[in-house]
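S.K.: For reference, the chains in residue letters:
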Amino acid sequence: MEHLTPAKAGMARFGVCFANTDPSPVVLRTVKRHTAFHHTSAKRKIPRTDLPVENAEQIAVLLQKQWRLYHVTPLYGFSYSMLKKYSNELSVFIATEKKKGVAIEVGIELASKAKFSMLAGLRATENDPEAVFIQIMAKTAVRQSVDEKVVWSGWMCCVDGDLGLLESLPVEFICLPLLFANGPETVTTMVGEWLQKTFDCYISAFPIRSENLTWMAAMWANCFSDSVQRMMELEWFVPPIQLTISLSIHPEDAKALWDSIHTNEDEITIEEVELFMSSLHSHFYRHFGVRLAATQLVKVSTAVASAHCDGKLKLFNCKHIDHVLPFLTELAFHQIQYQPRLCSSID
Amino acid sequence: MLLRFWMKLVGADSLHLDQLAAAILKENRSFEVNVHLAKCLPLPAENEHSRPRIDLIVFLMDLRSQHSVETVKASLAYVDVNYFLGKVCFLAVGGKAVKHQTIEMYTLKQLADSYSSPLIPAELESTERRSVIAQRLLQILKVAAGLVPGMSALVLSSLIRPSFKTEIERC
Numbered sequence: 000m001e002h003l004t005p006a007k008a009g010m011a012r013f014g015v016c017f018a019n020t021d022p023s024p025v026v027l028r029t030v031k032r033h034t035a036f037h038h039t040s041a042k043r044k045i046p047r048t049d050l051p052v053e054n055a056e057q058i059a060v061l062l063q064k065q066w067r068l069y070h071v072t073p074l075y076g077f078s079y080s081m082l083k084k085y086s087n088e089l090s091v092f093i094a095t096e097k098k099k100g101v102a103i104e105v106g107i108e109l110a111s112k113a114k115f116s117m118l119a120g121l122r123a124t125e126n127d128p129e130a131v132f133i134q135i136m137a138k139t140a141v142r143q144s145v146d147e148k149v150v151w152s153g154w155m156c157c158v159d160g161d162l163g164l165l166e167s168l169p170v171e172f173i174c175l176p177l178l179f180a181n182g183p184e185t186v187t188t189m190v191g192e193w194l195q196k197t198f199d200c201y202i203s204a205f206p207i208r209s210e211n212l213t214w215m216a217a218m219w220a221n222c223f224s225d226s227v228q229r230m231m232e233l234e235w236f237v238p239p240i241q242l243t244i245s246l247s248i249h250p251e252d253a254k255a256l257w258d259s260i261h262t263n264e265d266e267i268t269i270e271e272v273e274l275f276m277s278s279l280h281s282h283f284y285r286h287f288g289v290r291l292a293a294t295q296l297v298k299v300s301t302a303v304a305s306a307h308c309d310g311k312l313k314l315f316n317c318k319h320i321d322h323v324l325p326f327l328t329e330l331a332f333h334q335i336q337y338q339p340r341l342c343s344s345i346d
Numbered sequence: 000m001l002l003r004f005w006m007k008l009v010g011a012d013s014l015h016l017d018q019l020a021a022a023i024l025k026e027n028r029s030f031e032v033n034v035h036l037a038k039c040l041p042l043p044a045e046n047e048h049s050r051p052r053i054d055l056i057v058f059l060m061d062l063r064s065q066h067s068v069e070t071v072k073a074s075l076a077y078v079d080v081n082y083f084l085g086k087v088c089f090l091a092v093g094g095k096a097v098k099h100q101t102i103e104m105y106t107l108k109q110l111a112d113s114y115s116s117p118l119i120p121a122e123l124e125s126t127e128r129r130s131v132i133a134q135r136l137l138q139i140l141k142v143a144a145g146l147v148p149g150m151s152a153l154v155l156s157s158l159i160r161p162s163f164k165t166e167i168e169r170c
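Chains as they are written, first to last, in numbering that gives the first Met the number 0: chain A, 0 to 346; chain B, 0 to 170.
Hint data in this document are derived by calculation from the structure and do not stem from the laboratory. Treat the hints with care, as some may be off.
Claimed, not checked - Straight-line C-alpha distance at most 27 Å; calculated DSSO-like pairs for lysine-lysine: (1) A/Lys84 with A/Lys148; (2) B/Lys98 with B/Lys72; (3) A/Lys83 with A/Lys99; (4) A/Lys298 with B/Lys38; (5) A/Lys112 with A/Lys298; (6) B/Lys25 with B/Lys38; (7) A/Lys83 with A/Lys196; (8) A/Lys313 with B/Lys38; (9) A/Lys114 with A/Lys98; (10) B/Lys98 with A/Lys64; (11) B/Lys98 with A/Lys311; (12) A/Lys254 with A/Lys311; (13) A/Lys98 with A/Lys138; (14) B/Lys98 with A/Lys298; (15) A/Lys138 with A/Lys64; (16) A/Lys148 with A/Lys313; (17) A/Lys311 with B/Lys95; (18) A/Lys64 with A/Lys99.
To be verified - Listed below are several chain A residues computed to face chain B (Cβ distance under 8 Å; list not exhaustive): (19) Gly120; (20) Ala204; (21) Gly288.
Quantities reported herein were computed from a predicted structural model and do not represent experimental measurements. We put the CB at the ideal spot given by N, CA and C, even for glycine.
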C-alpha cells in the first residue's frame, strides 16, 4: 500500500481522540487500518444545491444513461495536458486488440477512435481533480455512407474527496476513484486494461451495500424535480426463493415522512435513516404481512437517480447531481482505504 | 449420577437453530446436554416452575437479516444480568457472502461488546463447520457449568476478550 499514515484530520472524524499522553499514535492508526470490523460514519452532511451548475450542456450528456460503476485506485503519471496523446494511444490499443481477434461487437468493422476530454463543473472543492470524459466512436458502414457514432462512453471523477487522503498522496498521483462506463462489456474491459497498464492503477467492480442504498433513499427523499414527477421505487430481494418485492411511493408522501423524521438542517444521522427505513418496513408488514427487515434492499430509484446494488447507476437530474456524487466518492475512498481486496477485478 | 446441563439457543431463524442443535447433540462428550430452542425471549410463563437452570445462552444473529438482529436486541432485555458474566455468547452467521449482507459485522461487535460477551463468527452451511462450532460451544458450556476445575465463566470471558475493542469503550 502506498499510503500508510492518513492525516490526523481524517482520523478525528472516526471518533478516535488522541489525548496528550497517548504514547504511540502510529500503532493505533495501523491497528485501525487492518481490522475487519470497520464502520461507516454515523453522520453525513447535506450538500447545498443553490449554487448554479456550470457547464450544464456537457453534464447533460451524463443524464438518462445506465452507468456501470467501477473503482479506480489513484492514477500514476496522469496529466491533463496529454489528453490528445492518450486518445491516440487508446485508439491504437483498441485497433491492436481487434487485430488479435478479440471480439467487440457486430457492426464495428471500421476503425474506432477514442477521445479524452475534460469535464468541467463536477468538482466540489479546489482539491478535487477535474473529471475526465472518454468517448469511443466507431465508424459503421450504413448504406454506402460512413457514419460515426459513439460506441462507448465513460467518465472518471472525484467529487468532494477526503481531504486527508488527497493531501497524503505523492505529487505524481491523481485520484479519480469513480469510473462510470456505458457500453459493451468487452470495450469496458479493453479500456480498463489500457488504463491499468498506462497508469499503474487497479480497476475493480463496485457493488453498493444495502446500508448505503438506505442512505441514498433517505438523502434523495427530499429532492424534488420541478418538471418530472417520479415515484420513489424501492426493490427488495429474497435470496433463498429468488423473489423480488418492489414498492412505489408517491414522492410527496416520501418527503412528508422524511420531513417528520429529519430535524437538523445540515446533517443526516444514521438514526434518522434507520427510522425512515423501519417506518417503511412496519407499514409494509401491517398491510402485506411481509417482513422486509429480513430481506435485502437491492434497488433505489427516485427523481434524482436510480442505484442498484450491482453497481449500476442512472442520473436523472442535472441540478441534484451533487447529492449523488459526493456520497459515491466517499464510498470509493472507504473502499480504497479499508477493503482493497474484497472486490473482484474487472478482467 | 447423571449430570445434565442446559444450553439455550435463541434466534429468529428456526432452520439454523435446528441444524446447530443437531450438530451439538451429535458431538461426543462426557456429560449430558439438553438444548432448548427459542425464537425470542421471554419464554412463555406456563412452564415457569418446571424449567431447569440454564447454563449457557447463545444468541444467533444473521448478517443477512435485520430482523434477526432486532429480535435478539429485544430478547436481551429479558435476560437476568448475572448471565452476562460469561454465560452468554453471540453467534454471527452469514459473514461469507458479502454481497447479501445487510448488517455490518461492526454493529454486531458493538452489541456484543456492550454486553461484555464474546461474538463468534460462524458458518452453518456445511456439516464440518457446524460440528466445529458445536465443539466450541460445548467447551464454553463446560466452563460455564463449572466442569473445568480452576476455570470459571467469568475468568474465561475476560481471557478471550480481545485487546482491540470497538470505539464505544475506547474514549
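S.K.: Against the structure, test the hints numbered earlier, and report the numbers of the ones violated in rising order.
M.R.: 4, 5, 8, 18, 19, 20 and 21
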